[in-house]
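Those protein sequence lines, which keep their order, are chains A and B.
Residue numbers are given in the numbering used here: position 194 of the first sequence equals residue 194, and the series is strictly consecutive.
Residue numbers are given in the numbering used here: position 96 of the second sequence equals residue 96, and the series is strictly consecutive.
Source of the hints: derived by calculation from the structure; they are not laboratory data.
All the given hints hold, so there is nothing to weed out.
When the alpha-carbon atoms are kept at most 16 Å apart in a straight line, the in silico EDC-like pairs for lysine to aspartate or glutamate are as follows: (1) B:Lys449 to A:Asp11; (2) B:Lys432 to A:Asp303; (3) A:Lys305 to B:Glu436; (4) B:Lys449 to B:Glu480; (5) A:Lys305 to B:Asp442; (6) B:Lys432 to A:Glu311; (7) B:Lys439 to A:Asp303.
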Amino acid sequence: MAPNLADYKTDVHNDWCPGCGDFGILNTIRMSLAEMGLERHNAAIFSGIGCSGKTAHFVNVTGIHTLHGRVLPFAQGAALANPAIRVIAVGGDGDGLGIGAGHFVAAGRRNVNMAYIIFDNGVYGLTKGQASPTLKLGTKTKSLAAPNVNYNVNPLGLAVTSGFTFVARGYSYDVAHLKDLLKAAITHKGLAFVDVLSPCPTYNDVNTRDWYAGNDPGTEQKERHARIYKLEKDSDYDPVVHFSDPKEINTKISQALAKSLEWDSRIPIGVFYKNETITPYSGRIMDTIPNYLENPPAAQRIDHKAHSTSEISPLVDSLRV
Amino acid sequence: MSGHLDVSCMVGGPQGSGVESSSGIFVNACASMGYHVFGKREFYSNIKGHHSYFVIRVSDEQVRSNVNGTDILIAYDAETILQHYGDINRGGMLIYDKELDKTDIDDIYTLDANYAARARADLDSKNAPHSVQGAVDSARNAGVTVYPVSFRAILASLAESTDNPKLKNMTRMFNVIAAGLVMKALGVPLEQTTNAVARAFASKPKIAELGTKVLEHTYASADGFAAPATPLVPLDRSRPDTILAQGFYGTAIGKIAAGCRFQSYYPITPASDESVYLESHSIVGVRNDRPGSTLVVQCEDELSAIGMAIGSALTGTRSSTCTSGPGFSLMVECLGWAGMNEVPLVITLYQRSGPSTGLPTRHGQDDLLPTIHAGHGEFPRIVYASGDVEESFYDTGRCFNYAEKYQVPVIHMMDKFLASTVLTCTKFDGSKIAIERGKLLDKVDGKYKRFELGGDGISPRARMGLEDGVFWCTGDEHDEHGHITEDPLIRTQMMEKRQSREGLALRAIPDDEQAVLYGDGRIAVISWGSTKGPILDAIDDLAKRGIGGIRFVQVKMVHPFPTDYVRHLLEGAEVIVDVESNYTAQLGEIFSRNLCRDPDHYIIKYTGRAMTSTEIAGALARVADGSAKKREVLTYGA
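Bound conformation, chain B alone (with noise of 0.2 Å):
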């Protein structure tokens, strides 16, 4: 760690005990003093009690993913201990609350029996004890640094110099505790800790005065670490255009910014954290206009929900709703009207394992195939994905301009992965939102035919309540008006209206809106979605270690697929190596279907975590040398 910095840690500890304010201390720290920093959360479906944790790795350039193995685990409790002793790269730090060291593995209630059966067979073949001192053993073994530190210790002697006994027992000062560990072992300087901490608690005084004395004590406490090789120091540089950022801020500030007006929404992980981030900023400034408002309204259930947003739609409100899979599945006979009745409507999709509730917490791209057909019947629609958080605020703009220009739903496609990251990222830029809101009409010239055939099939559209703009919509098979019809010459003809705009979509969208290429070179990695920056890191690591030669190809659009644009940026490629987080490799059928050959490798993973840079880099260096299978399966993480 010379020179150039990149060390990843890990905060775990039970759920609701504070391991995301931990990390957002320190995130917030390392943000602050000029580093860039990727962070993920993964959690169990509980509330309080099951194993949490947050990995972040910081670097002095820029990281888009996170890497196999913890430069530092800070664990509070057992499990994390037990879950991730194995994870600790040679020459790492374990640092962990010394009481937990006579814990038994049959004492940690919340550990998966199948957790506990492997973690059993990896100490006996280690001749170590079924226990936390076991899994220190043999960590340490392993050539990790092993820091017990007591966390009460530290509250007792803060008791003590503050003589007041209460503090004893605060042990909800455990997160402050466990995030001054992983700086001091990072060699933060202790001022840039407590500002951290100090912005962490800016709300709450009081708490963030006892919590700086808490630092004062973890400091002190944790004396005898060695001090690293590069010290997490200040950086000598301002960043004026650089925002710390949650996963789902891309594309709730890119609504408000997109001139979206009114979002319903179901509860559902990962997607709500955007509604009610909507809700608590409802009131939206207007440049030389009164003030606005987004209108976020919680239905009973997502059938509702969809419904709403489409009432609204139909009154010229740019209106959206948000969810996952489950409730995407429930969504499905009004995306259907939507399409029928070619109303503008941007659903934002954020995607987790399925089938069914499947990982309810956890990450996948599973939904791209399913909602490409989702509904019976045929109807136009466009589905896009975004590839990373930044990405995601500038495609949302773009996916209500697409829904109203070309008067179709859009699915916005996001994932678990995206949601629950935590990133350095340059900031949102608004005034690059474009505002296109195609035939949409101001006021009407004559009889008003709301499904008028001709032109470029896509009809002048009113909003309820536009003088001399009576229209009829209904989810059977209409006539210009709106009005039911059965008759064979006009259904032939709504349906050509209908279906041409995907062709249109195809025709009229830039091709760097429709698909990215990054690099060069003989390979090509085809994907799509939040693989991006694992994908983006994996080829820059490649490079330095002499592996070039590779291509990305990210697809955004990819329904309806840019077959030529995409074959155009795959012009000269030898081996066309598809990956996705599913087990099917949807895109990779796509592809085979519109470009008529498939992928040679596919570098797949469906265990509801996302991928690694290190692992992709892995796949991809046997793909280079030859070696790699045709499916790679991905495996890493807990």
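Bound-form chain A, shown alone (with noise of 0.2 Å):
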């Protein structure tokens, strides 16, 4: 029988602040796992280290919370030993984009079948508030000795320079929206990445639920989510290559990374990148080992009773004096 939604649920205590955008993000995960009927065991979560990091123990599947930075060769491990299983990594931007940062341009480059989820904030939490790579240059969160000295990574933008295939943002407190920008990172043949901005109510106090609400200070409330707008509703703005035509890849890159660089007044949250006319590394591999998906590393049997059954006996006999 399929898992119900309370299925995916662990019965670990969580410790997120109350209010965390986080929760949005991890009820997502487990509403989107469980429609698509994802088996236990055939899913896995790889985490970061930080709050976020913790999401591998609130998920009632296979999790390995990792180390600082290090998740996306952990999943990547994971994946290619058995493509079988679906990779969720997840993480923050200090995680991914601070010291993971060598990783996440490199498993772009590769474009393994797997989704990958950044939990952004802005700053790190829970060594309580320093400046992460997203802060924008000269912010200044409430932790903060003086404002932010750094320029400000652009996620989006680094993803689809950096061959991701599927690039979306998404936003913690819009669940619905949300689950389905999972869902189609989840099936989608390639490197799926979404970015989802995900207020931290104890230490950034600039980007804030409100903030994003266009609710600033010494304004009047407007409508909910008013900085936040939503790309499919744009019908001039199509994500998704069609043809495997370098002129069209270039242009739907230019396109997103433009859109990428939208902040402040007009944030667009949706699928900004789409390509699923590059191969997927699982084809790559299957340029050199035919049998790869069918045989992989994980389902290869390499012992009969007790005895290696390897033949080496081709490279031995080549070594012949």
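Fit the two chains together into the complex; they arrive one by one in their own frames, and the hints show the way.
Next up, the structure:
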């Protein structure tokens, strides 16, 4: 029997701060898994370090809570050894775009079948609010001694220029919209990236839920999510690469890059770029290992009655004097 | 050299000029004629231009090491002559390209200033000019027969006889000329030499054909070479079980046999050759099954390499990474994670000289203590050291078994000396590779807890993707499910569960896999890793000279340390001598701590060059006659 939503919840106590945006992402992950009917043992959550890292313990599928910045290597290793597993990597923006930025770029180049979700809040929450890579230059959140002296990383722009083939942004308080993005990311053929704006109610007192809602201090509250708008409502924006044509790909990457630079008064969410014409890593492997998908590393039998069944004699015989 | 044959040759030239293919042709010819060969390559961290050389020892008996001095030096650049003219044995030969004669030391821009200064001082002391000519004269005065040969003249005579002027400038045939000259000097029949060239260029028939002609002209030009007393002619013996192996073949083919199906790596000397080999042989034949494969992933850095290998290991795939010291330093944070989460992982560590980037292409055994202590906090691991290439094949199988049975990371210690060796050895026997997967589950009964307490401290291991086998891992301290806990009671239980592995491994792994005793005697040599061959050859040489009574204890499992068994193997030993290629005598320190007794002497070397059996024999002879110092520091080799 396919599991239901409650089956994807562990009884591990969730110690995130009340009002944390991460709750929205966590619930959305569970809902996406349930709606997709993924069997618990066939899905795995890999996480980095920080508040978001604990996500692996809150979802009742195999959960691998790795090291700071290293979530993508661990996740790719598992996804490549056993491509039958739906691998979802999660982590904070400091984890993925600071200490793990090298892995982020390299993962894009590989385009392994899996999804990567960044819980993007602009601060290092668990270490009491230092500036993280997505915080804008000159912004002073409450724990900072002085305004942020570093320019911000543009996660979506970095993703489209690094080879990610599905690049999207969600908002943690718009669960319905985020769920569609996550499901699309998980089923995408290639490496999918979803940057989720997730307000930290404790340490980021600038990009707050109210701020995203357009409810700036001293102004009247406008409509809900007023700063945020959905790309799919813009009929002129088509993120999908339809043909394997370099010109089209360049156009779509450029358009996504331009869109990723919009911020402040108008913040787009939705799918920025989607390209399934690029061969995923598994396909590239099959150029040299044709039966890779039907007999991947994790499926291979290596022994019979406790003895090796690998044929090394062709290799060894070629060395005979 | 009457009767028994044991000859050493050195081929030197600029990196990228074919020194390796010259040596390859020569080594191949000797091996196919029935001889034992042991060769070693020395090179700079450079692609083209710097001095590189290959030393090859050929014998009709087993050889496991290089010796001091060479019987033949063949040089096709001036730097080779200036660096090695003093290495040629009295009665030996120097064969070199005559056109180098006029080269002055100052003209050799790649020659290290310190080398140049030492060569000038040496030549001054012999009243010889600062030039190739001076070095050649100095060698001649030291009893070396000198054969200047014009490599270009050989090409010119070839061009003339074939009426093809282009061949005059085929300098890339210098490697064939060099190989031909060595073999002519050693009395190898032309036919054998030609066959070796044909094998070396089997995939390029045109080059092979040209090579054959070059050889004919080379042999003709060397007509004046004196015939050797014991010519290198084919031996009348068939050796179907002998192979000619490169140093890294042991661990590479060992991994295929052991069922390692995932290897991630980042390029680094001298470790990458293994990964490149695995990738070039990625399809694996499997008895009574469809073909398997080794997935090799080249990563963005070593952090990723070990992270991927761990991710793969969690799926139940035998997984590994291969690196050298600087890469291993980067891997350490993930090593701790693997220890904390009881992940079976094999790290093959081809050491080179450190610290930092150190001597990137040179040998060292400096990483023993750093490896045993790598990482913050306390976690179990096994550190296992192979003594030679043949052994490294079987040891690779053992390392994977240890990793899975004890659910710990295993670091397999290799080094640059082993990696760059070429040797004849008995062929690797895959049927001797046992596969023991420990408590890896095929199915789950009842409620699964990855880190279940109780029993022997090793919990059943589900592979990711196993039905009802959902599990959690974390670098934080965790409960039986793998969820984070800071509870002091669970913490204590989990620490004890993890740490118990080392004792368990010590008790369960057969003694002869942990340490090996060779010979008997009142002097006991202890060592680990690639010093094995030079030590055994040294002991044999000493015995022939009437100096006996030396035993050798090779420690293979260096961590956890087999204290009781080593103590047993040392019973009756009066003098203990620690031999290793590092400054601080790292095994000696472990030995002292565990056996509560210091070694009496240390034979150490940290020049970046492997020990020769000659220099070990010299130091052991001093130990035997009581004249040895506490620390015998070896320095031979350029």
